[in-house]
Amino acid sequence: MIEIQNASFRYANSDSGVLDEITLHIKGGECVLLCGKSGCGKTTFTRLINGLIPHYYEGEMSGNVTVSGLDVTKTELYETARLVGSVFQNPRSQFFCVDTTSEIAFGCENLGLPVSEVESRIQKSANELDMVELLGRNIFKLSGGEKQKVACASVSAVQPEVFVLDEPTSNLDIDAIEDLKRTLLLWKSQGKTIIIAEHRLYWLKEICDRVIYMDKGKISFDISMCDFTAFSDEKIRSLGLRTLCSDHLRIAAKIPVAETMELQNYHFSYQQKDALCIDSLALPVGGVIAVIGHNGAGKSTFSRCLCGLEKKFKGKVSFDGVQYTRKTMLKKCYMVMQDVNHQLFCESVEDEVCLGMDEDNEKDVSGILSGLGLAELSERHPMSLSGGQKQRVAIASAILAGKEILIFDEPTSGLDFEHMEQTARLLSSFAGRKTLFVITHDPELIVRCCTHILHLEEGTVLEQYPLTNENKARFTGFFKV
Amino acid sequence: MRGSFLQVSTEHRGLVFDPRTKLLLLITMSTFVLGGIAGEKLSFLLPCFCVLPFVLLLTARKYKTAALYFILYTGSYLLNLLATPHLTGFPAFLVLGCAGILTRFMPSMMLAVYVVSSMTVSEFTAAMQRLHLSEKIIIPMSVMFRFFPTVADEFSSINAAMKMRGIAFGGKNAGKMLEYRLIPLMTCTVKIGDELSAAALTRGLGGTVKRTNVCKIGFHAQDVIAILFCAGCFGFLILDVAGVL
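Going down the list, the sequences are from chains H and X. Going by UniProt numbering, the letters in the first sequence line up with residues 1 to 481, in that order. Going by UniProt numbering, the letters in the second sequence line up with residues 1 to 245, in that order.
Here chain X stands alone, though its shape is the one from the complex (with noise of 0.2 Å):
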């Protein structure tokens, strides 16, 4: 099928968690994995943490996503493991490197994979009127999250129309892929934003009276077990901190 992961099917939403509980998951996950804050005493928070995005995954059926994350991530994490202590010099450093990234990188991308694809646009509005945020903010980002699938759209059009014209790797022109890409890209998305503001303009947005949302967000179980797990997260981070552990 032609199309982005990113496209949200109404269908197949797996667990449901509200907005902002995903969100606070999302910021959980880069503080303690992407960042790595968590010190040698929080250590056995990560496995939580990998394994999460995986299930989560699961719950929505992306099952081809969770199958290359629990590969790549196994992967890198035995590779490291295994091949690092026979290692030494450049090779040493290779190895080191990718699989380092790729441990450190790939849960959070997986988790934000699992919210972005999860979300619907106006779920996303609802949240964040939900946090009282100023619609100067909200409006621009959810015209973000309805532009990736066009994005996508448009990128696989591009993509068609270059195989046509004998572009490709290893081609005569391989050199210059990104250029004969984004000038389409952008030429494409520049028109659709100016007319996608116009329409969006003619059925009153921007307007002073406040805006009403009919998306039913709120908390239940699920919610709280996530809070209270993030929560217990930044406990135990202070705790740390504060020299307690």
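Only chain H is shown next, with the shape it has when bound in the complex (with noise of 0.2 Å):
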């Protein structure tokens, strides 16, 4: 099915993602796993299969490859779409429309299909998927798994022969990713060519017969399923791949924390449409607590009203015998966001980090530069840093700014096992100093770094408890690993 000789490739103006002399053969019906860290080259390597790699991201290429017959690097794009689709990382930049039904019309419209061909195909892609009820809707107003579901919903109504997905799981909860999960195994059942590049394992172990380990942008093995999860955790890691399995989340000590924050009267609505509504609760100080929950249960509304953001929120937070409102909370909290991109407005990290900066402060600014990793940084300019270090850069300007109170939503989305720990490892840095609340889907993160687990579902307080091994199962039985 493809088939892919000797091929090599490199990025003009870039060192990062290039591959190496990559010879592969992947059999017509297998569904192959791409893993390995980041910059290894697994998202080159897909862009290699769907002809973005050379047709549209520029560099130097040699070599061959296949798909089905057709040789990709000569064909153009509109030809390759008919046998290969593709799923990608970021749901809200692969929608060309506004509203679902179109969206899922517009591949088949750019094959020219007749008109009652594509509208019986969207109704078949939509049945498949289980999604009937999204037809008609507003794509800017789905949760990220309703996006991932109009974006495969959208590949599958072409039906290509070959589906590509990079990193198709990193905005999604862990019911959007089962649903995934069933739109491959349904691909898998129909013959399709599956070939996927991410970052969580787990879900994959029942769908993906091939893994492919790359490294530097080189295959380092090419072996089947079965063998790879025979693979013990230390070798996991030494790889630098998230876990495949709960058994292994071992949860690090923690501080014990005593003091508690009150929250009062955490009511909110959109529209008439309740988002939340907490009469009141109380939260350890200085705690990093972990708030989870399904996409839509009030996670983001909560750090919101936290933060102070929302003008119509009158909850209040008290602690130490003070009373907070809404606009001391905004003085007090700092959001880093999933797009670090949006808190980054200066020309170099220095002037970034002290903007907005405290007065008493400034005597400290090298020192937390240099605590971050940041120091021989301090005059680039931010949006030239990976995302790593604009995170730190965000925090830096946070604690700078004299905030006691950092969210951070997301912070490992898309991230290498070894990204992942030097995160969690610089919250954990923070606990008994500041008080953070992680927003976050990602078991292995909250085990390394959190005190403090706080479940959000339909807007209130599922339960609230300190993560202790006693607890455990509470958590893993959440996350289903």
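Incorrect hints may have been included.
Claimed, not checked - Counterexamples of contact, computed for chain X against chain H with all Cβ distances above 10 Å:
| no. | residue |
| --- | --- |
| 1 | ARG20 |
| 2 | LEU24 |
| 3 | PRO47 |
| 4 | THR74 |
| 5 | HIS86 |
| 6 | PHE90 |
| 7 | LEU96 |
| 8 | THR103 |
As the list claims (entries may be wrong) - Covered by chain X, according to a simulated footprint, are these stretches of chain H (three or more residues, beta-carbon under 8 Å):
| no. | segment |
| --- | --- |
| 9 | 71 to 85 |
| 10 | 88 to 101 |
| 11 | 105 to 118 |
| 12 | 153 to 167 |
| 13 | 331 to 341 |
What the hints assert, rightly or not - With a cut-off of at most 25 Å between alpha-carbon atoms, the simulated PhoX-like pairs for lysine-lysine come out as follows:
| no. | chain 1 | residue 1 | chain 2 | residue 2 |
| --- | --- | --- | --- | --- |
| 14 | X | LYS64 | H | LYS141 |
| 15 | H | LYS74 | X | LYS210 |
| 16 | X | LYS176 | H | LYS327 |
| 17 | H | LYS311 | X | LYS163 |
| 18 | X | LYS191 | H | LYS37 |
| 19 | X | LYS176 | X | LYS163 |
| 20 | X | LYS176 | H | LYS332 |
Hints in this document: simulated from the structure, not taken from any laboratory. The beta-carbon is built from N, C-alpha and C at its ideal position, and this holds for glycine as well.
Using the hints, build the complex out of the two chains.
Rendered as structure tokens:
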């Protein structure tokens, strides 16, 4: 089905993501998992198959790539599109239309299929993927999981032979991953060939037949899933991969926390729809609190209210005998957003961290920068940094601004093991000094750094407990790992 | 609710016009109200034009926007009418300027809001194809439509980030508000644009086959009325220019 011979590629103006002499044969109907550390060339590899390399991304390319007899390197992209369908990482940037039905129709329309055929294909893929209720909706108002479903349906409607998925779960919760798993099993049962590049591995155990591990642009091993699952936990870790199974989750020792802060009257609604409904809630000061729950449980509303970003929000927070209103919370809290690009404004890292700084902190600038490993980067433009470095710049600016509560929105989405561990270490280092809220779907991150779990569902607190070995079952039960 | 008024909700679309009719209305409106091409003899048309966006916004259930338009327009109209005779010098100039700009720009702008907020991207592409425009024009324009809600989304995230950093009007960094907003906005939109193009290409956009479009558009009674209205206006204009009236 897919034949790759001595394929090498190097992006123009960049040293990362190179491929080095890849030779590979993938049979029809196979389901292949591509894994490896960040920057090992997984994404580049997927682009080789869907033809984005060399047609869209420029660089030096050599070797041959054929999909079902078609030479992808020489075929125009719109021809390749009939054979290869792609699902990408970021649901917000893979939609061409604003409403779901036209989006599913889009690929078929491009093929010039007759209208009646397009309509029947829309119905067929919507039925197969169990998403009929999502037809005719505004894409911008869907959750991440629903968006990824629409993306799958729109690729499915074109009925390609090969599906290429590039980190499809980085924005998904557990249920959405289950949905995606069902979709993949359906495609597999239809005899399609699936290539999936992914960091989270546990959900792919029953789907993929073959595992290809890449390192620095080369294939380091290519084995069956059976052999791969037999790998020991230590081996998986030494390869820089995420865990395959929950038994390996070990809860790290935590600092005990005594003081609490009290949240009162946390009620909020969007256009008559209740999004948050908490009368009072006591939370540990200085804890690292994991905020978990399904998509739409009110996690982001909760964090926006806590930060004081919602103007109509009336709730209060009291600790140390002082009551804080929305406006004062805005001064005390800082949220590190999932897309950290939204919060970097200045021309150099130093300007960035000094913007909005407390004057008393002036002396600490260099200390905090070097503490976060940013000292050598202080003259660089924040936008030229890597994702993890940007995250640390945002944290440094929050600390210098004297913020006491830091909120992290999905800090490890799409990170490999090594980077996830780095983030975990960074978050643990604040335990006891700042109060941290971590909104996440990543159980591995939680066991490494969090002290408490706050489980929200339907806008209310389902349960709240300190994360200890006794409570482990409650926590792993939610993550179904 | 976060987001923008430019997002199309398929549930409340109001009086359904063909996209081509909407564009014709927009052109007529800009020619007569914004362009001010109507002379003395055609001034009887102006009230019709000014009421039109109000009615259309109401049918699309955009009550807030409609009310805002009504208040601003009548306000500036009355101000113009009542205050100018009593004012001289700089205040007169100021009032006349503001009220004049508002009365001239508001109707066309509000109609544009109605058009953009009630038209889906696929309706727009379908209409453009029926008008036999080249794909080279249609595709960039439809991407532009797709981009408004994205930019609005990004913008609201950036605003939230700025609030948390204490950058606001009246703060010590007020002078740099624009710069602080534009830098992240540009970085994010460029990245999204890049990913969006890649995604569209892998789905076969830009092929040599003629694209089909599943979106059903067509002229109905309301379209005929609107088109006759526009044609009438231009008819009057021609008669006026020819000196018949």
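Hints, verified against the model:
1. ARG20: Holds: least Cβ distance 18 Å, greater than 10 Å.
2. LEU24: For LEU24(X), whose nearest Cβ neighbour in chain H is about 23 Å away, the distance exceeds 10 Å, so it holds.
3. PRO47: Holds, since 34 Å exceeds 10 Å.
4. THR74: Non-interface label stands for THR74(X): nearest chain H Cβ at 28 Å, farther than 10 Å.
5. HIS86: The claim holds: HIS86(X) sits with its nearest Cβ about 39 Å from chain H, beyond 10 Å.
6. PHE90: 37 Å, holds
7. LEU96: At roughly 36 Å from the nearest Cβ of chain H, LEU96(X) sits farther out than 10 Å, so the non-interface label holds.
8. THR103: Label holds. Min Cβ-Cβ 32 Å, cutoff 10 Å.
9. 71 to 85: holds (count 9)
10. 88 to 101: holds (count 11)
11. 105 to 118: holds (count 12)
12. 153 to 167: holds (count 3)
13. 331 to 341: holds (count 7)
14. LYS64(X) / LYS141(H): 20 Å, holds
15. LYS74(H) / LYS210(X): 22 Å, holds
16. LYS176(X) / LYS327(H): 22 Å, holds
17. LYS311(H) / LYS163(X): The given pair, whose Cα atoms are some 11 Å apart, holds under the 25 Å limit.
18. LYS191(X) / LYS37(H): Given that 25 Å is the threshold and the Cα spacing comes to 23 Å, the pair holds.
19. LYS176(X) / LYS163(X): 14 Å, holds
20. LYS176(X) / LYS332(H): Judged against 25 Å, a Cα distance of about 23 Å means the pair holds.
Of the numbered hints stated above, none is contradicted by the structure.
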